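Undergrad: All chains, please: the whole structure from these sequences, using the hints.
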Amino acid sequence: MVAGCVAPSSPPPAPRPAPAPVAPPAPTAPPAADWRDAPQTPGDWSIASPGIASFANGTFGIRCNRGSATVSLFRSGAANGPVALSISTSDTSRVLTASPVNGGVQVDLPARDRLLDAMAFSRGRFAAEVQGMAPLYIPSWTEISRVIEDCR
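Going by my numbering, the first residue of the sequence shown is number 1, and it counts up by one from there.
Treat the hints as calculated values from the structure; they're not laboratory data. Among the hints, a few may not be true.
Label pairs and their computed distance ranges (CB to CB) [unchecked claim]:
(1) THR92 to TRP141: 13 to 23 Å
(2) ASP113 to PRO135: 20 to 30 Å
(3) ALA18 to ASN80: 51 to 61 Å
(4) ALA18 to THR92: 55 to 65 Å
(5) ALA20 to GLY132: 39 to 49 Å
(6) PRO19 to ALA134: 33 to 43 Å
(7) ASN65 to PRO42: 43 to 53 Å
(8) PRO139 to PRO17: 17 to 27 Å
(9) GLY103 to ARG152: 20 to 30 Å
(10) ALA78 to PRO110: 21 to 31 Å
(11) PRO19 to PRO39: 32 to 42 Å
(12) PRO21 to THR97: 18 to 28 Å
(13) GLY132 to PRO21: 35 to 45 Å
For clarity, every value in this text was computed on a predicted model and none was experimentally measured. For each residue, glycine too, the CB sits at the ideal point set by N, CA and C.
TA: The following block contains the structure:
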C-alpha cells in the first residue's frame, strides 16, 4: 500500500506542433523563346532632326546619309571591334557586321535595302541584337519610314 502514497507522475509533455509548410517561391517567367513574345523595350521614337530618328533616348538610332545614299543603324554600347548586329522582323532576319563608333556600334545599308522596309513594316516591332549587349525589341513606328523615305 505504500504505492498508494506516491504522487501520480505528471503527464508527458504535449508534442510540438509540426512547423507550417513553407510555400515554394513563385515561379519566375521563363525567357521568351521567340523574340516576338518578349516585352517591348521601354522607350519612344523621336525625330532628332530631319533624317535622324532615335529610340529610347539614343539606345538605337537610324540616320539618313544623303550624300552616300545609305542609312545607318546605330546601337549604343561599348565594343572593341566589329560585332554581329542581328535584325529580326516579322518577315526576315539578317546578321550584319557593325563597327565601333563613338558611343556604340553602327552599320550602313544602301537606302534601298529591303531590310529597311522589313523593319518599317514589321508587325508591331523588330528585334536588334548585338553580341554582349541586351537585346532590343523596338516598335515599328512611322519615324523609321520617314527616315528611310528621306534617303530615297
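Undergrad: The structure should be examined with respect to each hint, and the outcome stated for every one.
TA: Tested hints:
no., hint, result
1, THR92 to TRP141: 13 to 23 Å, "holds (19 Å)"
2, ASP113 to PRO135: 20 to 30 Å, "holds (21 Å)"
3, ALA18 to ASN80: 51 to 61 Å, "holds (58 Å)"
4, ALA18 to THR92: 55 to 65 Å, "holds (60 Å)"
5, ALA20 to GLY132: 39 to 49 Å, "holds (46 Å)"
6, PRO19 to ALA134: 33 to 43 Å, "holds (42 Å)"
7, ASN65 to PRO42: 43 to 53 Å, "violated (28 Å)"
8, PRO139 to PRO17: 17 to 27 Å, "violated (56 Å)"
9, GLY103 to ARG152: 20 to 30 Å, "holds (27 Å)"
10, ALA78 to PRO110: 21 to 31 Å, "holds (27 Å)"
11, PRO19 to PRO39: 32 to 42 Å, "holds (38 Å)"
12, PRO21 to THR97: 18 to 28 Å, "violated (55 Å)"
13, GLY132 to PRO21: 35 to 45 Å, "holds (43 Å)"
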